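Engineer: Given the coordinates of chain S, work out where chain Y should sit on it, guided by the hints.
Sequence order for the protein chains is S and Y.
Positions 1 to 468 (the numbering used here) are the ones given, in order, by the first sequence.
Positions 1 to 250 (the numbering used here) are the ones given, in order, by the second sequence.
Certain hints may be false.
[Stated by the list, open to error] Only pairs whose alpha carbons sit at most 20 Å apart, straight line, appear in this in silico EDC-like list of lysine to aspartate or glutamate:
{"no.": "1", "chain 1": "S", "residue 1": "38", "chain 2": "Y", "residue 2": "82"}
{"no.": "2", "chain 1": "Y", "residue 1": "114", "chain 2": "Y", "residue 2": "82"}
{"no.": "3", "chain 1": "S", "residue 1": "462", "chain 2": "Y", "residue 2": "46"}
[What the hints assert, rightly or not] Short derived list, chain S residues pointing at chain Y, Cβ under 7 Å:
{"no.": "4", "residue": "52"}
{"no.": "5", "residue": "54"}
{"no.": "6", "residue": "55"}
{"no.": "7", "residue": "201"}
{"no.": "8", "residue": "442"}
{"no.": "9", "residue": "466"}
These aren't lab readings, by the way, just hints derived from the structure by calculation.
Just so we're clear, the structure is a prediction, and the values are computed from it rather than from any experiment.
C-beta: ideal position from N, C-alpha, C; glycine also.
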Amino acid sequence: MSRTFVGMPAFPRNATRAVQNSQLRYNLRKATHTIRGKRAAVVGELPDWAELRAAGKAIKDHTLRNLDTYLLQLEEAVTRAGGHVHWAADAAEANRIVTDLVRATGETSVVKVKSMATQEIGLNEHLAARGITAYETDLAELIVQLGDDLPSHILVPAIHRNRAEIREIFLSKMAEWGRPAPERLTDEPRALAEAARLHLRERFLSTKVAISGANFMIAETGTLVVLESEGNGRMCLTLPETLISVVGIEKLLPTWRDLEVFLQLLPRSSTGERMNPYTSMWTGAVDGQEFHLVLLDNGRTRVLADEVGRQALRCIRCSACLNVCPVYERAGGHAYGSVYPGPIGAILTPQLRGLGSELDRSLPYASSLCGACFDACPVAIDIPEVLVHLRAKARHARAERAGMRAAGWVFDRPERLARAQRLGSRFRRLVPRRLPGPLAAWTDTRDLPDIPATSFRDWWDKTDGGRR
Amino acid sequence: MNHPEFCERGLAVRVALFITCVNDTLFPGTGRAVVSLLRRLGCEVEFPAAQTCCGQMHVNTGYQAEGVKLARHFGEVFAGYDAVVAPSGSCASMVREQYPRLARAAGVTLTVPKVYDLSEFLVDVLEVTDVGAYFPHRVTYHPTCHSLRGLRVGDKPTKLLEQVRGLELVPLPAADECCGFGGTFAVKNPAISSAMCADKVRNVMDTGAEVLCAADNSCLMHIGGTLKRQRTGVRVMHLAEILARTEADK
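So here's chain S without its partners, still in its complex pose:
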């Protein structure tokens, strides 16, 4: 995967291009509405969903408040069970640790379990530059990797592709990476899955190093947990001689009892299933296998220090917010310029990366604040609240600042507002149908309302509230 999100323009420009892509719009609409419906059904059937959600929120909040204690407990438990724990302050350090670990094995290829953390740090690209090939084994990640593409969804990274496009990618690219696709490959889902299965099977059996992330880490026993659907994770987690897991420090849960809540919340929120097909759990290293856990900060402790923004660290990467978001549905994942797209990406990316770039500053504005994401979130992250909080931190354009200041000055005194209204009413016939400058963004697609001859407050004044 040579493409990166680095240097992408701001969200509105990316989105303007995306909304005109009819294939993308069709694919996204179909996929998000399908998952949306499935999620709604399996969430709706649980009488105690609200309680589960509250419990998930409370467990995560408690863990985050005591993260220092639980992380040390985890380190001790993993070490006791024969694993090695490494601490990475940022992406560069994590990449260096993983590269050194792979080099120590003498191998030049690794298989990967789908992992957001390794995408966040750009691990595949880092390894490739050092002569190590990372093979993605999740079907959708494989599609993205073969297509020299970027992920556009947390759970379904190839959501922007339909099966005809996937067939094309398999036919033209599979041979470059290993076993070629069957010559007469159709775009039937079963045929596509079979082609991927055959392609990947050889890889699983021949590769000696695997890299994964984890959905959860349990502090009391040092157990890591991966939930998946395809069995590729199980292959990677059990077959290779060396397993390296890169996990964000917020993925922690204190006890197995806590895990019970999340094993209900996650599959129902993400794939819309009561239970995911494969749940793999491992504690330390088993005989004949080496296990390394790389604990990744990469901005997380900074997020933790922000009283409003820290709730984003409760996220369990389920994607429910993406699937219900009207903005994501129309813009697609690439517009967000990050491996974390959609509503959660709009609050996570600018917090992890900072508000330095124009793109990252534009992300908190990539929302109409409709609140659908908050309702769908299984750990009750108040995404609109964090969006507004980040908007207050972002630097604003000078013209906008001047306009907002002027509006604030007018609203500061009722007599100023009344004067402004009278001025508007007097010149109401002169308002053009198409507005100039940035306001053209309104009149390009929408008519303006007629300005009334009299404001409400003047009407009230003149008529004594309609009594005269």
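Structural biologist: Just chain Y now, kept in the frame of chain S:
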């Protein structure tokens, strides 16, 4: 606090009208409709003339300091009233839902007056659903995000519409989806905003309604502006304007 209590105390229900800056400036007809409707139901309506804006545009666009200033002013103007009624779910939710968050984020203390959206005030406080209205037209209702997911008004507005004589209420497909207005979002992300509205308009057209009703003129300005631009012939009306209509207005 509800209507019977007021009656026991032998008082008329005294209501402060929070008109909102958008209605005050652009949609005074909605304000007049609220006044006539509430008076018809026995309320005494006051209009605190010092009111300006709740600060939502500033806060939601990232201008916290200006927002706090306006929120403080709002608190001073409306602090003394038992009930404040606003013909806007969004502005009512700004005060009730967002003022406490704003206070927390900005580290200030804010007064949060008791603000009701019109449908909440009618159904919960006055305990009426039949307001004696007459409106013989085919109408569909868009619930608006902040009424639905902020204030959680539920089916109160449609309960009111169902009791309007002559009115044929047609359900709006995908009603709970945002129309794409979102305040300054409409001009900051015009492509997405318009794409969202295109779907809303399609759903409105599918109902075959003459009138699209909502309890928020900001959303209606957005959807209505698109309906008008596309020459659909469908008009938009605020809930208050329909509920204010009687046989006498024919």
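Engineer: Run through the hints listed earlier and report the numbers of any the structure violates, in increasing order.
Structural biologist: 1, 4, 5, 6, 7
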